[in-house]
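4 protein chains.
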Amino acid sequence: MSKAKVKKTIVGDIDAEVLRFTAGEDTALDEVLVEVDCIGTAAHVSALASDKLPSPILTPKERDRVIGELVAIMKRARDGKFKIGLKDQDVHLAVERALTRAVGDVGRKVHAGRSRNDQVAVDLRLHGKTLLLDTMEAASALARILVSFAKRHETLPMVGRTHMQPAMPSSVGLWASAHAESLLDDLVLLKGAYDVTNVSPLGSAAGYGVPLELDRASVARLLGFKRSHANVLYASSARGKCEAAILAAMSQVMLTLSRLAEDLIIYTMPEFGYFTLPPAYCTGSSIMPQKRNPDVLELIRARAPRVLACETAVVSVVQGLPAGYSRDLQETKEPFMTGTGITLACLRVLAPLVRGLKPRKAALLAGFGPEVFATDKALDMVGEGVPFRTAYDRVKSSLDELQALDSQEIVKRRMRSGTARIDFDNLAGRVQDCLRLVRAERRRFHGAISRLLGKKYPELK
Amino acid sequence: MSKAKVKKTIVGDIDAEVLRFTAGEDTALDEVLVEVDCIGTAAHVSALASDKLPSPILTPKERDRVIGELVAIMKRARDGKFKIGLKDQDVHLAVERALTRAVGDVGRKVHAGRSRNDQVAVDLRLHGKTLLLDTMEAASALARILVSFAKRHETLPMVGRTHMQPAMPSSVGLWASAHAESLLDDLVLLKGAYDVTNVSPLGSAAGYGVPLELDRASVARLLGFKRSHANVLYASSARGKCEAAILAAMSQVMLTLSRLAEDLIIYTMPEFGYFTLPPAYCTGSSIMPQKRNPDVLELIRARAPRVLACETAVVSVVQGLPAGYSRDLQETKEPFMTGTGITLACLRVLAPLVRGLKPRKAALLAGFGPEVFATDKALDMVGEGVPFRTAYDRVKSSLDELQALDSQEIVKRRMRSGTARIDFDNLAGRVQDCLRLVRAERRRFHGAISRLLGKKYPELK
Amino acid sequence: MSKAKVKKTIVGDIDAEVLRFTAGEDTALDEVLVEVDCIGTAAHVSALASDKLPSPILTPKERDRVIGELVAIMKRARDGKFKIGLKDQDVHLAVERALTRAVGDVGRKVHAGRSRNDQVAVDLRLHGKTLLLDTMEAASALARILVSFAKRHETLPMVGRTHMQPAMPSSVGLWASAHAESLLDDLVLLKGAYDVTNVSPLGSAAGYGVPLELDRASVARLLGFKRSHANVLYASSARGKCEAAILAAMSQVMLTLSRLAEDLIIYTMPEFGYFTLPPAYCTGSSIMPQKRNPDVLELIRARAPRVLACETAVVSVVQGLPAGYSRDLQETKEPFMTGTGITLACLRVLAPLVRGLKPRKAALLAGFGPEVFATDKALDMVGEGVPFRTAYDRVKSSLDELQALDSQEIVKRRMRSGTARIDFDNLAGRVQDCLRLVRAERRRFHGAISRLLGKKYPELK
Amino acid sequence: MSKAKVKKTIVGDIDAEVLRFTAGEDTALDEVLVEVDCIGTAAHVSALASDKLPSPILTPKERDRVIGELVAIMKRARDGKFKIGLKDQDVHLAVERALTRAVGDVGRKVHAGRSRNDQVAVDLRLHGKTLLLDTMEAASALARILVSFAKRHETLPMVGRTHMQPAMPSSVGLWASAHAESLLDDLVLLKGAYDVTNVSPLGSAAGYGVPLELDRASVARLLGFKRSHANVLYASSARGKCEAAILAAMSQVMLTLSRLAEDLIIYTMPEFGYFTLPPAYCTGSSIMPQKRNPDVLELIRARAPRVLACETAVVSVVQGLPAGYSRDLQETKEPFMTGTGITLACLRVLAPLVRGLKPRKAALLAGFGPEVFATDKALDMVGEGVPFRTAYDRVKSSLDELQALDSQEIVKRRMRSGTARIDFDNLAGRVQDCLRLVRAERRRFHGAISRLLGKKYPELK
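Just so you know, the protein sequences line up as chains A, B, C and D, in that order. Using the working numbering, the letters of the first sequence correspond one by one to residues 1 to 461. Using the working numbering, the letters of the second sequence correspond one by one to residues 1 to 461. Using the working numbering, the letters of the third sequence correspond one by one to residues 1 to 461. Using the working numbering, the letters of the fourth sequence correspond one by one to residues 1 to 461.
Careful: at least some of the hints might be erroneous.
[To be verified] Subject to a maximum C-alpha distance of 20 Å in a straight line, what follows is the list of computed PhoX-like cross-link-like pairs (lysine-lysine):
#1 D:Lys456 / D:Lys75
#2 C:Lys461 / C:Lys75
#3 C:Lys396 / A:Lys291
#4 D:Lys396 / B:Lys291
#5 C:Lys61 / C:Lys455
#6 D:Lys291 / B:Lys396
#7 C:Lys291 / A:Lys396
#8 A:Lys61 / A:Lys396
#9 D:Lys81 / D:Lys461
#10 A:Lys151 / A:Lys291
[As the list claims (entries may be wrong)] Restraint-style ranges between C-beta atoms, simulated for each label pair:
#11 B:Ala72 / C:Ala16: 27 to 33 Å
#12 C:Lys75 / D:Ser398: 25 to 31 Å
#13 B:Asp380 / D:Gly284: 42 to 48 Å
#14 D:Ser398 / C:Asp64: 33 to 39 Å
[What the hints assert, rightly or not] Which chain C residues stay away from chain B? Per the calculated CB distances, all over 12 Å, these:
#15 Lys61
#16 Arg65
#17 Gly80
#18 Ala141
#19 Arg301
#20 Arg327
#21 Arg360
#22 Asp376
#23 Ala428
#24 Ala440
Source of the hints: derived by calculation from the structure; they are not laboratory data. All C-beta atoms, glycine included, are put in the ideal place defined by N, C-alpha and C.
Here chain A stands alone, though its shape is the one from the complex:
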């Protein structure tokens, strides 16, 4: 939209209505993008000042001045002093205007060779990378807490259920580390989304490139991306698709969390009482002081379908769209921000909750009836050579003999031998690998941005 157009729209009534309709949630959502937008612009001005250009568009001095001003805007944003108004429409114009006000004509040159399309594309990828690293870190942290909880209670008996009914001897450790391994699978998928996100779209302009010899590979390096897109049209069209890939992985995380939450909601009902939740994560009731409502867990359970809906919204907006920018793509931003925000918040609230979880041994033991041991008993016979079905029949006809069995003993044996043993080394190793990866990627990114801005990033000193 041209500036003239913008000016016009805020005068007339109808036009203001339309502007509100088209800007949608952008002005609010874009607040979190100020910093990455400045970073993207810093990389672009570096490219415009490159001495590899036949005639550089900016001098090194101009570049440094612009970058200095961008850093100032970033600082203002951190202090909550940079606002995006309806007449700015979005973060890109807001930053451009602030820049032009500060550095005059040089600010206008900054726009050469790019368009809002590749600005928003680069912003969302930089933001997406940070979100993914934060999420991977939080998921690894929660996995680590679950693993250490599982280790502590490796052989603490807890009935294993099928169809939600008591079925087999099992342990608190087996239960907790199952959720941990689920998170480790999610981390594989988050990593896949990260690889797809870690690619620079800069230089794609409106999706068809620009006839300037901007070196896309080196811009990608400046920003800490692994590489640049091979095709500028895809770089531009991938908006929405990239967000969908991220949300699909987030959805898997929420799937894991919702199941952990459901388990805890059930097992903290007074009829079970297997665990005590840390009080800070429950709400009581004004009149029933003994009541501990698992509100946090219920919200996690309910937010899983919301994140899935964010994913389907984004996929559906993009499905069947022709190649090339369409305004439809704006509509992927809100579900992307919402879905990723929810996931990260749920991971972060669950970590201390699980850390504060207390198993109640008596209640756990009370959950064992004799029938829970039937299968093991039959398998003992099988070990002695009795055919499987025959063994089953014998146990079935003498269930009461199982009454006397010691669940603690049996669970200990089960967790120390046979196939139920937990491979803690594998779990711990994978958690470590994830954390190491996150740290390495963060370092690489911070290093690149520090060099680009000439300031220690993220501190901006």
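Put chains B, C and D on the given structure of chain A with help from the hints.
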């Protein structure tokens, strides 16, 4: 369900009704699982005969006899002679019965130390791996076709659009290879799903393991899996979740295909006529012989939301389920089979369609109006030092001067210099890497299964 | 697709592949449409023979011959002797061919003034109406069973829960009739979908009508529709949209059923034991005879998201489609058939299950702790003039006094006075109204079709 | 959550974090509920002061004082002076506190016999009713504009398409009124949702009623509801379900709008140019002044899947939830507000857009090729007695004869005779009926609330 129960249910009327309700689509869907079910059983009997067991449950001879019979069943299934009836309920009982009929009591021992839960888990993972490799191969093949099409028409002018309206000079090559790069991103996500799938759940039994010293790591190796689950409860609970991960990647493939389809539907409308579709992939109309309806493309466009719906169905079934087997998990099978089947079929039908696609140069050139060159003209001035916004204003006031420009010349220059250049090496290299990976994984799997069955697999000679 | 085309496609390999791709699931799905397709054709031939046409296309004799043959096809279909092959592609060509074989040239004239588009449109509406009436009947029946169950156990104590935790005194009657009222809301929505479906699209041809003076209003009457579409393009474009409206209502039914199922799954866990499920609707376990797995309920719970996914698939296929027929619309058929089929089956299996449900009084009473009475006690004080918050504080500090309360007495009082009273008259009245409506609509439809075919319908005598 | 708890939570760091997590978007979303919350409370205090209660809890004077204060709060809210803070958590506590501050102890009594559950239930139903009436009015208004546009251009030729390809003679009128009839179907479904919403949950308290003789039927009347729920547990559990029903109808509206938008996006591409969009609803491009990007239409197209995702989020949150309040229900509020808000905004922006739409006759006529007339020609022959397939063959072999046909003449004939005639009376009549219904329902509601508050509502004079 016990055998006694099964016998009962097929007598009374009410019970038969219930059996039909509970079996659902299983008997039909399971037809494709016969082979992997036999393979899983072969690995299990090998473990039961292992000399590492304190007292092996099967002798080496018994093992060989069972495996021989399993191979026979596999051959029968290939000839369409192995059927699963309602009284079998599912593939597992069907195979078990056929086995028991053939080898007598030994057949019954086969069931020791496992349950239908880990049978279906291993079947779906083996099936999922094959599906993923097939899909990765088909996606790579389509990407290769698109890349080579793009190379052939690298500089053939085609208007670049934003908002579906003519905007910038672009080329058929840029358009086609954009879709190729999209597929390459999908391949990254398919690979992530493959990594999550390539893990053996065997030994998890009903989700709580068995007190037998079955070596889960070596069973995983026998089946060509990369490793075994670290936690048997997760191995069992991951059913549904693993399918969801696969479908999420498939959904991304369909997103790519639906956009390619939409582009082709639009660009083959008589108002554009940019491409001619190979006649075999269109339908005519009885009375309008010149009409070529792009039915195949319309179906691809419409099947994308169907695959997404398969994904959401699976995720939603599993979200919030307590840990441990629930019958709910059966309901993930139909959407999993449908969604993966659709994706593979769409990839396979698009490959020859794109190969037969013919660009129509005259129509492509006719798409260019002078305004398409405005931005480039302005950027030329910028290259000469004119500030960006000023250059824009000048071009705007003399649009008619652009009339005389030669689109072929400009597009050629654009595709050979500036940021629009396509990085063909990158695209071709990534396609190669994917195909190499698929082939290596196939070899590894076939090798393992050949050793397991004592027959050259997949030939079974 | 022309006949010539069809013949060609089944020869060559590529073409057969494409035909399989484009026909999709149609040949299988269309089996259930044979009867309604014949009915639609019967109405059309009646219109073609109308003496209101300037020159009727069929003589009354020809019309009667064709209708006679259509009735014969319907009978064959009922005997399972009418099959649709891949070369027929769909039910319409299959019926047309059978007709032409039987009545020669007259069969060909039948096609005048219509197209496959309005054939499939009328088929799906006739089928949809029957499905909706069946579903409304089944939902009313289940509601009636729930209401009568609720009446029987109106004051049988059952703890009322919030956050799944014991909270208030309540009764089995309140619980059961809550699900009944939910179904009654669903019936309002099903009725809305029925109104939208009960409109005749006939005469729309390919979506643009035909220049023949076919009287659309009287054809609508012949088929028992309430009226005809006002706009032929919408009549044609509404395909998919109408199915979506039906599925949205079905989704609401499934929402109700899934919650009833979840309640029963929880309350039949041994930790609660509030109800005993009729054995035919559970499965046991080979070795744990006391175990009753609620498989039917678990499947209902899991099928709810599947029906929702069917709805979203249909909506998403149609969203953003241009007006006028596109092949995309074929893809709404499978999710439509699946989603409606699942809903009807779930309603039908739940009716006898609920009828056979047995409350276990001792377990229900054991669920009451003293804290459940706290709020009532406080409200008693409020009734005596104590301010609400003050009353709460007093009760809170003397919870042990509540121990002695008689839950049966309190629940009886609660259900007979105060706001918890169930308005059984309202519930029963609404069930009656629904059943009456279903019967009236059925009569109207059967009457119309009997007149059209000259045979007592649905008997065809 | 008790007050004590609340106070505590805002002190400690962890607790504040949890409060932020649990309050979620409530404090922001609840701003729009202040007015209906006050209205609900006014009805409740009227019931508490009823002389039918054995001992009324409020005197008539107290009631009047409270209602007076509620009106004052409503006025403050209208002036934007009533804010909900994080420590209020939600609208209910915020209003309660403001009330208690103003009227002292009487304010506390207001809470007797209800809970936040039925407060939020009644708020959402009152809000939902208003939203539905607004939406029905906006949809009727748009339908009326489309019908009058269609009447104006009833016979203006426009090619009818199938598969997006030219197929049949048609008119602008047929096209526009097809979308109108689609909206009329949506209105049937909106009405169904309205019927389900128009029921009073008051008196349900925490879902289990209260042992006070509050007359639920008369409270329902006070608030202008059609009736009261028959079952208090359902009244409470229907939260989420009712929102889902509303969103399902909204989703259908968006389906209609997205198709209208897609048509307009395509037909305003320069390659078609059938219509000119009013400039206020497009955006230009800084450098291509002739470009009119249909941003508003693209956003409508993209917002359709977002509304569908809001619906699926709500349904999925509620599916499988046990009866009785769970905190999960909070999560239905955001998608409910978002989805309904989007739908209403889209309807309202489309109305003036369609009113300003200008058909371009020359471009419309240019869209006709001779093949478009082939079917009509064949049908002419059929009218003269030639069998259908024979006629087709003849026309097919002499397509060039069709060149000379006058599309205006043919379209006029088609729209005035044959089955393509538009039943304008039906369309206009249904639009009228909807508008009348909306007005009657509004009057009824405003009358009830005016009586309740003793002020002319909605003016509050």
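Consistency of the hints with the structure:
1. The straight-line distance between the Cα atoms of lysine 456 of chain D and lysine 75 of chain D is roughly 13 Å, inside the 20 Å bound, and the hint therefore holds.
2. Restraint check: the Cα-Cα separation between lysine 461 of chain C and lysine 75 of chain C comes to about 10 Å, which is no more than 20 Å; the hinted pair holds.
3. For the hint pairing lysine 396 of chain C with lysine 291 of chain A, the CA-to-CA distance comes to about 12 Å; that is within 20 Å, so the pair holds.
4. A C-alpha spacing of about 12 Å is found between lysine 396 of chain D and lysine 291 of chain B, which places the hinted pair at or below 20 Å, so the restraint holds.
5. Straight-line distance between C-alpha atoms of lysine 61 of chain C and lysine 455 of chain C comes to about 17 Å, which keeps the hinted pair within the 20 Å bound.
6. Taking the CA atoms of lysine 291 of chain D and lysine 396 of chain B, the gap is near 12 Å; set against the 20 Å cutoff, the hint holds.
7. At roughly 12 Å between alpha-carbon atoms, lysine 291 of chain C and lysine 396 of chain A fall within 20 Å of each other, so this suggested pair holds.
8. About 87 Å separates the Cα atoms of lysine 61 of chain A and lysine 396 of chain A, which puts this hinted pair outside 20 Å; it is violated.
9. Annotation: proposed proximity of lysine 81 of chain D to lysine 461 of chain D holds, straight-line Cα distance about 19 Å (limit 20 Å).
10. For the hint linking lysine 151 of chain A to lysine 291 of chain A, the alpha-carbon distance of about 30 Å lies beyond 20 Å, and the restraint is violated.
11. The hinted window of 27 to 33 Å between alanine 72 of chain B and alanine 16 of chain C holds, with their beta carbons roughly 32 Å apart.
12. Checked against the hint of 25 to 31 Å, the C-beta distance between lysine 75 of chain C and serine 398 of chain D comes to roughly 43 Å, which is inconsistent with it.
13. Aspartate 380 of chain B and glycine 284 of chain D have their C-beta atoms about 22 Å apart, which leaves the hinted 42 to 48 Å range violated.
14. Take serine 398 of chain D and aspartate 64 of chain C: their Cβ atoms lie about 36 Å apart, and the range 33 to 39 Å holds.
15. Lysine 61 of chain C, annotated as away from the interface, keeps every beta carbon of chain B farther than 12 Å; the closest lies near 28 Å.
16. Against the 12 Å criterion, arginine 65 of chain C stays outside the reach of chain B, whose nearest CB is about 25 Å from its own CB.
17. Residue placement check: glycine 80 of chain C keeps its beta carbon more than 12 Å from all beta carbons of chain B (closest about 17 Å).
18. The non-interface label for alanine 141 of chain C is consistent with chain B: the shortest C-beta to C-beta separation is roughly 15 Å, beyond 12 Å.
19. A beta-carbon of chain B comes within 12 Å of the beta-carbon of arginine 301 of chain C; the shortest separation is about 6 Å.
20. With a minimum CB-CB distance of about 4 Å to chain B, arginine 327 of chain C fails to clear the 12 Å threshold, and the non-interface call is violated.
21. Distance check for arginine 360 of chain C against chain B: the nearest CB is about 22 Å away, which clears 12 Å, and the non-interface claim stands.
22. Every C-beta of chain B lies more than 12 Å from that of aspartate 376 of chain C, the closest at about 32 Å, which supports listing it as non-interface.
23. Against the 12 Å criterion, alanine 428 of chain C stays outside the reach of chain B, whose nearest CB is about 27 Å from its own CB.
24. No beta-carbon of chain B is positioned within 12 Å of the beta-carbon of alanine 440 of chain C; the least distance is around 29 Å.
Checked against the numbered hints given earlier, this structure breaks hints 8, 10, 12, 13, 19 and 20; the rest are met.
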